[in-house]
Structure formats: structure tokens, C-alpha cells
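Residue numbers (my numbering), protein chains in the order written: chain A, 1 to 405; chain B, 1 to 405; chain C, 1 to 405; chain D, 1 to 405.
Think of the hints as simulated: they come from the structure by calculation, not from any bench.
Note that the structure is a prediction, hence the values are computed from the model and not measured.
Take the hints with a grain of salt, since some may be wrong.
Copies of the same chain are indistinguishable here, so a pair counts whether it falls within one copy or spans any two.
[Claimed, not checked] Straight line, CA to CA, 20 Å or less: simulated SDA-like cross-link-like pairs of lysine to any residue:
id: 1; residue 1: Lys348; residue 2: Asn213
id: 2; residue 1: Lys58; residue 2: Gln26
id: 3; residue 1: Lys348; residue 2: Glu202
id: 4; residue 1: Lys174; residue 2: Leu253
id: 5; residue 1: Lys249; residue 2: Arg346
id: 6; residue 1: Lys5; residue 2: Pro140
id: 7; residue 1: Lys143; residue 2: Gln404
id: 8; residue 1: Lys5; residue 2: Pro218
id: 9; residue 1: Lys360; residue 2: Asp198
id: 10; residue 1: Lys360; residue 2: Gly240
id: 11; residue 1: Lys348; residue 2: Asn219
id: 12; residue 1: Lys369; residue 2: Asn126
id: 13; residue 1: Lys369; residue 2: Arg149
id: 14; residue 1: Lys348; residue 2: Val212
id: 15; residue 1: Lys174; residue 2: Ala158
id: 16; residue 1: Lys360; residue 2: Arg402
id: 17; residue 1: Lys360; residue 2: Pro204
id: 18; residue 1: Lys143; residue 2: Pro405
If you want the building blocks of each chain, they are given just below.
Number of protein chains: 4
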Amino acid sequence: MSDIKRVVLAFSGGLDTSVILKWLQQTYNCEVVTFTADLGQGEELEPARAKAQMMGVKPEHIFIDDLKEEFVRDYIFPMMRANALYEGLYLLGTSIARPLIAKRQIEIARLVGADAVSHGATGKGNDQVRFELGYYALSPDIKVIAPWREWDLTSRSALIAFAEQHQIPVAKDKRGESPFSTDANILHTSSEGKVLEDPWEEVPDYVYSRTVNPEDAPNTPQSITVDFERGDAVAIDGVGMSPATLLAKLNDLGRAHGIGRLDLVENRFVGMKSRGMYETPGGTILHLAHRGIEQLTLDRGAAHLKDELAPRYAELLYNGMWFSPEREMLQAAIDHSQAKVSGTVRLKLYKGSVNVTGRKSPNSLYSEKVVTFEDDAGAYDQRDAEGFIKLNALRLRLLGRRDQP
Amino acid sequence: MSDIKRVVLAFSGGLDTSVILKWLQQTYNCEVVTFTADLGQGEELEPARAKAQMMGVKPEHIFIDDLKEEFVRDYIFPMMRANALYEGLYLLGTSIARPLIAKRQIEIARLVGADAVSHGATGKGNDQVRFELGYYALSPDIKVIAPWREWDLTSRSALIAFAEQHQIPVAKDKRGESPFSTDANILHTSSEGKVLEDPWEEVPDYVYSRTVNPEDAPNTPQSITVDFERGDAVAIDGVGMSPATLLAKLNDLGRAHGIGRLDLVENRFVGMKSRGMYETPGGTILHLAHRGIEQLTLDRGAAHLKDELAPRYAELLYNGMWFSPEREMLQAAIDHSQAKVSGTVRLKLYKGSVNVTGRKSPNSLYSEKVVTFEDDAGAYDQRDAEGFIKLNALRLRLLGRRDQP
Amino acid sequence: MSDIKRVVLAFSGGLDTSVILKWLQQTYNCEVVTFTADLGQGEELEPARAKAQMMGVKPEHIFIDDLKEEFVRDYIFPMMRANALYEGLYLLGTSIARPLIAKRQIEIARLVGADAVSHGATGKGNDQVRFELGYYALSPDIKVIAPWREWDLTSRSALIAFAEQHQIPVAKDKRGESPFSTDANILHTSSEGKVLEDPWEEVPDYVYSRTVNPEDAPNTPQSITVDFERGDAVAIDGVGMSPATLLAKLNDLGRAHGIGRLDLVENRFVGMKSRGMYETPGGTILHLAHRGIEQLTLDRGAAHLKDELAPRYAELLYNGMWFSPEREMLQAAIDHSQAKVSGTVRLKLYKGSVNVTGRKSPNSLYSEKVVTFEDDAGAYDQRDAEGFIKLNALRLRLLGRRDQP
Amino acid sequence: MSDIKRVVLAFSGGLDTSVILKWLQQTYNCEVVTFTADLGQGEELEPARAKAQMMGVKPEHIFIDDLKEEFVRDYIFPMMRANALYEGLYLLGTSIARPLIAKRQIEIARLVGADAVSHGATGKGNDQVRFELGYYALSPDIKVIAPWREWDLTSRSALIAFAEQHQIPVAKDKRGESPFSTDANILHTSSEGKVLEDPWEEVPDYVYSRTVNPEDAPNTPQSITVDFERGDAVAIDGVGMSPATLLAKLNDLGRAHGIGRLDLVENRFVGMKSRGMYETPGGTILHLAHRGIEQLTLDRGAAHLKDELAPRYAELLYNGMWFSPEREMLQAAIDHSQAKVSGTVRLKLYKGSVNVTGRKSPNSLYSEKVVTFEDDAGAYDQRDAEGFIKLNALRLRLLGRRDQP
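Make the full structure from the sequences, and use the hints.
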């Protein structure tokens, strides 16, 4: 243990990572470098600086980075191009944030000459896997400290006792057991634990924080448009925005209309089932909108291949395999398909639901002339259908001759 | 042409298939046998009998069958077990009906010694493919007559003129061009054509027939439970029902809450894009409910394999490949997974949306003890996570050593 | 440690598992039950009984089972139906044996009331995973002892010293370091380690044990036939045989003609690459023969689906996931496809290679009439090809209109 | 028909395409432009020029292009990167040539202002599909003439009568029925028809043209090395060569050692089974060699994803979908994986078989240190295996608790 000199800690400034900070200093007798990322979680980050400094972290070793634009542009948007849904429903809001944090921690470790990295994820969840696979992929010989798998502060009271003993401020509302735990970033807020643990019990109202109850949402639907360029959203209602600004705006819209709530029992990579509640207001709109523009601009072959690859892609992200060759291969295939995925989608938001109501594109592959039952310029001859069916049927007929009574 | 003696026509009793009936008699100088199926489309079928008789079909050659239970039990339910969605969104309501109609037509053809079958699907759509692949698979040497690909009654006015000339009654509302065409059965109603042809234009209110406008749905959410046994729904709110009764009941619930509307641009098997609107009230609830019970009772390996196979399965159904060996292979895999998919799902219906709010099962694989952060009986040791991560990371570390700066 | 009372050890009777036997008795102070399986590895098993008895195992606790028929019938044949090749080349000879050993160990544990099982696989290989996943799947709360991951006898000399200290006989040829290690059963012999560790160095001649050098094989090719029923081989040259007898016979044939050698660098489940040499004489013939009969009797849709699923199936077996729901699902799909895979394949064996030279079947889907350029009875009309091509081309034409210069 | 002014014909100079040339001039009363490609089929092409001129084709309308390098570099090599095998065995030698011919025909059509293209493929095979899908993808509104689907010269004698009537020279050996038909290019020669039509009958010796009989091959094995850079072969025995030169050299080696013969019953895209014989001497070596270098340099995740995608990729090529978005997507994924696939493979050629006997690479991911049973620098701790297994087993244990007796 004693050979670790300097460790970069993913530091939120909250109670847990503050305790970890102190524990690392004590247990490893090493210098701690803190890294606090703004991923759009909606919290003030400057208090983290004060807290780190108070606990003896050198000013030049306190890193607070606004990564919102990078997060949306280089992580969320590529994932959205894939239409990725884990287990058919989950938009992967937590999974997609971990690789970026890991990447930045490794960059900082190189910058400050640290030989280790640390995080505050528990020993039962997926996040430890996602963080550490990221660390190892980007810096194969880095040392990794996962305090929750090592220490004995596993009960809430032990943790708080440790904090008090070391003059770590404990907010009043943190003294008791929280009825659930959350993770938030610009894409979503997830909640799990305690009051959510019985998958038969309905999620209590007070757990929701990012969306209004659909019943309290406006009684009038709202129509919006989203413009896409090469698979990425670039404008809302015709107003161009940066990726993070756009997603934040969609979040506002989704929040107001109660969109993006998901109550899920999912399969963790570490082998157990867990129950969580996710709120992904803007991401839910974006996902639907992207499907809408692809409907018009993506060829069937490309679309169906994407649909077949999407579950695998989602699984890789969920399992923390962002920095894996196979995720990159899938991304290369997906990105190749998006060159013409440009145009405008109109969506209706209303009391918890979002639906595409129209789409148009200069790259549309939809042709009224071809589809119409009226005459067309020879692109489609109905008589061709007979040959098409006959040859598609041929193998079934040969089978039938063999097998039918 | 003259060698066809007797043809079994899929006969709805409507104008188009009535004209086809007459046209077959004339053009092929053959006996026509009519088959009218009750698939839950919600229309009186006895008028079809009178009409057929009036047009000279022998009483013993008029078949009117109630196939609702078979349809739901042997076609819709197996498809629901697969969580099949075509192009991510469409519940395949039309696709799933065609194989059953084709199968029954072939049975009748055998019964009455017919040498041909016929249908009223157009030459540009998917249904001609689905009908005919079914025919050929089940009776490889049957003759198939597809009037819409053969005749010259391709304009509405020519069709109506032919009808009048042959004393075929034409309902007043069929005299003009219909602003869209529909297909209905117990699973869904689909609408396409004319007023729906511009994919940017919103679907007009009057096109919807199976669901109330979500804005007009009750202001209070309704909670229901659905019980499953071996992957199939068997009860609503604890009341056991036959498959078709159950789906009809879900349809009522879905209709009232405006659930299951879908505006879609899709890729037809025949190669073009088309725009359709689907209303699948009960099926939408069922799909979500099935996912809900699988979350609790299906192992991750089974669940993820199902998710990867589902797009392929959906494509096969859409393309009319129900009676293909590969669909049967996928079904065998899927059905194998459903042995323990039993239990109860609670759902909330509200103004167009349906959400799972709870699930329980005697076969649950979810374990509060294992997932909880508190102590458990040794099933999960947090220290195992380190080895798990380390070995999952090994290949990435070896890659990193080679490729990282 | 002290709470283990009785452990079932997979016991080969060789030096390593003899040392493990003693070590278990000493370290865990528990009763050891030995299980020795005849999987066709071609060794006398009775010496294992004497050795176990000599080391104090009760006679009724010594299990020696001939599992050859079960092994071939219930493990190798189902795998052969899948045409499984790991990483495109490897016939999975080691992987497929582990689940059966694990299953029998668990059965014996139940029989004798043991609370633990143990194996002699090392801590770096795949076999530990395969054994233990089998144990846990079949007996979730069994205790597993993996001595190679626990003890300090990790050098050869320490191991031999321990053996001598405990009067465990050490064969003369086991005193030195073996230049490579092997595993054998009726399907294959694998070799790895030491002299094979440099993947650039050619495998030395003396490593091969199951096949003659192709250069020393007969100068005249030999033709054989293999009959299949429902996907399984049942006869050679028209002579019906039990599964294990048949595979043994194919092994003789393959050995004589130098068939089935494979020099491979493969990816282990535990994350590293390793280099091995495999000899699978009979299995190589069987694999080709099965493909041959499928060519004639399997429909394209089934065949292509099988080809797409085969790599996944192979990966599952390699990773020790035989007793997983997803392997069973794939097996259900595969087995469904084999109902008509019956007939006769003729193969030519010659100096290391095996080739199909003919196949026939009462279930053949091949039709000379249909394929011939001469006239046929109307199953295929060349004009149908135009429509088939036109509709398959339609989406590409629409794409071309949009994207071509 | 009369509206076609100028047609570009894929013209081999043989009897069939000569007849087609004349038939086009007569039937369509149009100007014919001939295109003859050197794809390494090993025939003199200048006679085609004389013949075309003799039949009235303008000198500036006779195109004879050496496409060998483009063919190998841009078509065969990308396919080899994918390890594509159709139905597990076939190296796609015919399929891969068609897209290039189609592409060049369209280029020429643009150059000379032609409004149509034509080819000599029959109405029952795959090649008509491959040509025409290529045409339509690259020039959506081109007219396509497929004489074999149109004319009445379908018997050999009618064809020869037509030829004689129009002073088209008929080689003596073309007067009778050929006992089989062939297609050749630098990758392979395929043979099918007549004497090959009974899949039980062994392929007669005289059908083989590209390889010696293995029994007549040298009695001494030959070792060669192939160097790869980024997935493509670049040198043999250390001597760098252009793609086509390299493949030609491998063909010489393969021919001498009787390598690459394949007797196959395959499933055509048009729906029937056919039996063919393929000789792919150099390609067979290349395929194995590429797998060999990937074993060392490709990560498991990438390798397994490639293995799962390869059957689909092969099917797309076989079906003529080279110029489809989904083939391009798969290619993007595959090519992404090849960045480090560089190094040297050694292979042994002997009497019909080719085997990898060694591979080395500066990019090797194989680590003797990691794999060895001896000590290593901490990359792999055997104790990690326990946690790895335990968490992989967790879901199986939870299943077992539910389902095991």
C-alpha cells in the first residue's frame, strides 16, 4: 500500500467522496488530487474546491472542469446515433458518463504525475466496473483504489462517525439514512435503493426530481421541432444550439411535460438484478426524434442492421466497454450510416408522452410518387411483385413439397 | 388461365373483394369459394354471406370462421413473447394476421378441392407478399391469383363502373375516393394513403378510430394488473380470460386512455418507404407488460439474447416469413425462455401513455438480499468485484500497453 | 475452512490431482471423495482406484464412471449440430468435456452428501471457469475449492517435494518439467505451454500424439461414408454404431490420415491470448460431414440463421456457459432445424485433409429439375427473376437517385 | 424497346456474348459498346477487340481494361479482411467480381452516353442479380437488358444456329454441349452444371483446371511466409508485391500443392440449391494467413464481433449487395479493426492442405509473460480468477436457486 504517492480522486464534494479523500490520505499516506466534473448534474461545484482545500489538497491539485459540451458531443450524441436502449428501455444515462470521467482522471493523473486513481462507487454496482475498465484501458498500469471494496466504513453510522472525527462537515440531511440514492448528469437522474427495493411497490412521488408528474403537466400539448445534421440534433424550433445547450433545452421541455420517467428492473453486469427509476426528459425526446429522422433518410438495409446491432452496442456501454475495440467498430458502422441523416422532426409533448407527428428532409428517401396507388414514372411496376414473391417463395415451396402433407 | 376450376378467395364482403369475386368468375370462368375471417376487426360478417350468395357462390362454398381465439393464442401471443417491434416501434398488427388467413384459405382449398387461391391485396404493398408466401409454403403447387396485379380496374372510377355494371351494390360512402385506407383486426387498425402520404403533415384527427384522443382521455390515471403464465397474459385485474377476451379487454382499456397510437414511416419489404398510422391499444399495453414480467423472471443471458434476436424476428414477420424454418427456429429459442415467465405486472394508463409501476412473481430472480447494500448471506462478496473487473480489463490493458501513448 | 466436511474431487489419478487429494485432506481436514471419468482419454482408470484407496479414500467414495456414450451423445453431438467453431477454427474439444464432469461431480456430491467440490485446473486457464460455472449452475450453494488458486505448491519442485513427503508415487517421467501439458478425451487432445509458448515457433513433431504426420499418412486417399439421422451421425460406411463407437472409429480414420491438427493462438475467457495445438481427428471429419448433409437438407433461411448464431454458441461453450439459459435457447433453435438433416455424406481422407465428395438424402431440397438450364415443370420461371431483381433493387435505386452524381 | 440508343455490353468475346452482341443490334436496333475486363481470368483479351470490330462495333466503343490491381486491392482484399465465407466454406470468388464489372460498365455508359447496359448471365443464377443490383445502385435509371431472360435462343442448337446465320465464328469445341460451365478470375475458377448436377457424384478430374490433384502435388511440404500490413497481404517470403501480383503468386503456390478445391451444394439468392465446384488456390492460403495474423494482433472483442458479422457480410456479397449501405457499414467496422493487423504468418502447403505454423508481429497482443505458468509482473493475479468466476456465476446461481431440485 505504501508505494502509492499520488492519487487522482473523482470527487463530488459530497459526504462520501469527502470521507474517501480523508481515508486515502490516512490509509495510503499519499497526496490526493481531486477532480470534479460538471456533467450538467445541476450542482454548484465551487464548494467542492473549498472543501478539498480545507482537507489539505493543494490548490494546483484541485481540478474542476466543465465537461458538459464534450459530454454531450462526444459521448451522448454518438450513443444517440445508435438508438441504444439497454434491455429495450433504458437510455444509459449513468453508463455514458463514466468513461468521460475516467478519461479525464487519467489525463489529470498524467498531468500531475499520479500513480493511482480512485472513485467512490460501491462494490455491488456497475459503476465501479465502468470507471475501472476506463482507467485500465487508457492507462494499463495505473493503480486503482476502490475504497468501498476495501474499508470498513460500510455502515452509514460508521461513515458519519469517521467524518465527524475528521472534521468533515456533514449536512443535516445526510445524517440519517437517505431513503434512496441518486446519480445525476445532463442526460438523466437515476434513483435506486431503499424505498425502491421492492419491485412491486410503486415509486413514491418524492423520488422524482427531474420531471413533473404527468398529471400536473400542462393540459395542452406542445409541438416542437428538432433539426438534425448527420445524425446529431442541432436546433430546436429552428434555433441552432450547441450540443449541451440543446440537450438542456430539451430537458426543460421534457421536465415540464413529465416526459422520460422509467421504472425498471434491470440486469447488472455484476450478475444481479436491481430496480431503479430513471428520469431522462430530454434524452427521451431526442431518442424518438432521432428515430423519426432516420425513418425518412436511412435506407432499410442500414436501418435494420442498426436495429440488430443496437442491443449489443447498448450492452457494451452498460458494461463499461466504451473504450473497447468492439464498441469502436460498432460506432464506425453506425457513424457511417449517418451521413445523410439530416432534416427536421416535429414532436408533440403531452402529459408524459412524446410522439413524432411529422418529419421532412432534403435527403428523404420517401417518395410519394413511388408509394402512391396512382400512376408513377416507372420506378415500380406492380408486375415485378409477382417475380419478387415467386423467387422469395421458391425455397419455401421446395420445403413444402418435401414436408407438407 | 382457363385451367383454373375453383378458387378460394379471401373475401371481406366489401366493395373491392366483391368486385374481385365477380372478376374471377368472369375472367377465369371458375367457381369462387369465399372465405371470410373474423379476426376481431369488429365488423358484422353475415352480410358477406348474403353478398356471396347473391353473386352466385354456392352456400356450401361460403366459409365464415371466427378465428379470434386461434389468432390471439397461436399468432399474437407467440409474437408478444418475442417482444417484436418492427423498426423499433411497430407492433406488426397487419403482418401477424396474414399467415393465419393464408393457412385457413389453404385448408379450405383442400377441403373443397380448389386449385387456386386469391386475395385482394394491392401490388405495391407487403400484404400480397405475406399472403402468397403463406400459400406457397403450405401448398407449394397452388395457383395464386392476385387481381390487383392483373386487371385494369386500377382507378376508383373503373372499379365502381365495373361494380355497377355487374349489380354489385356500392355503399354511398364508397363512391368517392376514400381519404385513406385501413386494415383492422383484434390487434390493431392501420391507416395509410392519401391524407397520410405527406410524412410531414400531422395525421388528421378523423383518421383515428380505435383510440380516443389522449387529450380527451380521463384526467385520472387507471391502474391495472396483468397476470402472465409462461410468457402469455392470462388475467386482467386477477380475472382469468381466454386470449381473445383478454386482448379485447385490453383494447377497451387502451382505447379509453388513448394508448397505442403510432405515426410511422416504415420500410416495406417490396423496397419503398411508406407512411402509416397504427392504433394498437391493447397490444401496446401487452408489450410493456410482458417486458415488465420478463424483467423479473428472465435471466440476463436469456434476456439479452432475446433482445438481439427480436429485430430479426420482427423483420421475418413483417416480410411474411411466418411459415419459414428460421422463424420457427427463433420461436423455439424464444419459447424455451418463457417457461418461468409467470407473475403479475401492474401498469398505469394515463392520457396516451402506459407505464409499468410494479411486478411480482413466484419465479422472481430479483433478490433484495443480494442487491441491498446491507449484509447478505454470502451470495455476493464485494471483493469478488475486483477480480471480476481485473480479468475483464485484462485484454483492454494488453491493448492499452500496445496502443496507448 | 474448517467447515467443509466432504469434498468431491475430479481425480485423474495423475500426480497433480493426487497431490491435491492429499492437500485437501490436510488443509481442510475433510473427507475426500474421488471421481474419475472415462471420457475416452485412452488411459487405464483402475490405477486411479488403487491410488485413491492408498491415500485413504473409502472404497464407497471412489467413483469411476464410463461416460463416453453420454459425452458423445448429449454433449459432442449437440455441439456438432451447431457447427460450432471457436474463433473460426477450434472444435472446442476441451470446453465440451467440462460441463459433463461438473454435472457428474454435483450428482456424486448429492449422493454422498458432500458440501464441496474441487478440481485441478490452474488459475490462469479457462477450465477453472468451466468447472465452476457448471458447479454453481447445478448446485448454487456448493462450496468450491480450487487448490491452484490457494496453495503455494506453484513450482514443479515444490509439488514434487510435497508428493515425496507424503508418499505419493511420482512417475519418473513426471519428475522433470514436462515440455508441454495436455488434455485428452474422445474428441481431442490439446497441448499447450513451454515449447509451444512462442507462437512463431513451429509445433515440434513430438507434441502430436493423436494423429500421424500427414507426410507419413497413406499415399492413397480413402473414401468413407457417414450416415446422419436428424443431425447426428449414426453409421460409417453403412455400419450403424453408437455415438461413442462411431466417434472412436472416425478417430482411427482421422489418425491414420493425419487429419485434424490445428495450431492456434486463441483468446481465453480470462482475458489473455494463449497458443495451443489441438488434434481432433474424428471431430474434424464429423464437422465437415455434418456441413455436407446440411447443404442438401437444410433450407437457406435455417442454414444462414445457424451460421449467424454459431459464433455466439461457440463462445458460450468456450466460456463455460453450457448450463446457461442462452445456450439452451440456441440449442432449442438449432435442434429444431435438424429434424430433416438425414442422409449420407461421402468424404475423402488424404494426407491431412478431408473433403466432402458427395451427399444424398431422402430429404434433399436440391432439385436437378429446378436448377438445370433445361426445361422444368414450372417451379421457376426465368422471367420472375426480373421482378425479383427490380424490387430488391428498388431501395438501392432510390438511394442512388439521392446520392449518385 | 425501340427507345434504347446505345447499350454497354459486358463482353467476354466468347460465343454467348458474341451472340448477345448481334442479338442486341438486331432486336433493339441500337449501338452496342463492348466492355471486356481483365480480372485475371487468364485469357487473351485482344481477340475480343477483333471480334467486336468484326461485328460492327466502333473502335472507340470497344473498351478492354486491365482491372486486376483494382479488383484485388479494392474488392478482394476488403473481403479478405472480413474473413468472409459463404455458408461456412465458399470464398465468394464469383460474387466479388460482379460489382466491379457493373461499376465499370456504368462508368463507360456515362462516358459514351449509353442509356442501357447488358450482360450475359442466365436467368437462374445469382450473377444476373449481382450485375443488375450494381447497375441500379450506381445508375438508378439505367435500362438493363438481360438477353437470357428475353430471347428464345435458350437451347444450345438454337444459339449455334443463330451464330452461324450471322457469321459469328463458333469454335469447334463449343459446338457440342459443354459438360459443365465455368467462370474464372484471379481469385477462383468455378464450375457448375451438367456433369456436376448430381450432388452425390464425385467431381470428375477433368473439371479441375486451376489446381493439380493433391495426389500429384509435391511429396515435400513447402513453407512460405506472408506479411500483412493493416490487414492486407503485402509480401510473400519477404518480397513485397502489388496486390494482384501477390495473389497471382499465391495462386501459383496453391496450384502446385493442390490447394483450394471445394465441392459445394449452396443456396442461391434466387431460391434454389445448386452444386458447384470451386478452385481458389491463392485465396484459400490468404484466408488462413489472415486469420493467423489476426490471432496475434486482434483483441478478443474485435475478433468475436468480426466472427459474428462475417456470415452476414458474406451473405450480402453473395446476394450482390456490395453497393449497399449495410455492406459499407460492416466494412467500416471491419476496416476499423485492421489498423494493427500487421506482421508475418508462416504457412505450410502440402498436398491439398494449408496450415499456419507460426505468426509474429510488432503489434502482438500475445504475452508469454502473462500466459506462462511462471511468475509475471503482476498483470494477472490468479486470485482474481475467483472473483471473476463468482460474479460470472452469480446469475447462474440465482437461476439455480430458483430452478434446481
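Now the hints, each set against the structure:
1. Lys348 to Asn213: Result: close both inside a copy and across copies, 17 Å intra and 13 Å inter.
2. Lys58 to Gln26: within (16 Å within a copy, 54 Å between copies)
3. Lys348 to Glu202: between (27 Å within a copy, 10 Å between copies)
4. Lys174 to Leu253: For Lys174 and Leu253, neither the intra-copy (31 Å) nor the inter-copy (44 Å) Cα distance is at most 20 Å.
5. Lys249 to Arg346: Only inside one copy: Lys249 and Arg346 sit 15 Å apart there, 33 Å across copies, limit 20 Å.
6. Lys5 to Pro140: Cα proximity of Lys5 and Pro140: one copy only (18 Å, versus 42 Å across).
7. Lys143 to Gln404: between (65 Å within a copy, 16 Å between copies)
8. Lys5 to Pro218: neither (56 Å within a copy, 64 Å between copies)
9. Lys360 to Asp198: Close across copies (9 Å), not inside one copy (45 Å); limit 20 Å.
10. Lys360 to Gly240: For Lys360 and Gly240, only the intra-copy Cα distance (17 Å) is at most 20 Å; the inter-copy one is 46 Å.
11. Lys348 to Asn219: Intra 13 Å, inter 18 Å, cutoff 20 Å: intra and inter.
12. Lys369 to Asn126: between (51 Å within a copy, 17 Å between copies)
13. Lys369 to Arg149: For Lys369 and Arg149, only the inter-copy Cα distance (18 Å) is at most 20 Å; the intra-copy one is 64 Å.
14. Lys348 to Val212: Classified as both: same-chain Cα gap 17 Å, cross-chain 16 Å, threshold 20 Å.
15. Lys174 to Ala158: within (13 Å within a copy, 55 Å between copies)
16. Lys360 to Arg402: between (49 Å within a copy, 15 Å between copies)
17. Lys360 to Pro204: Result: close only across copies, 17 Å inter versus 40 Å intra.
18. Lys143 to Pro405: between (68 Å within a copy, 17 Å between copies)
Checked against the numbered hints above, the structure violates hints 4 and 8; every other hint is satisfied.
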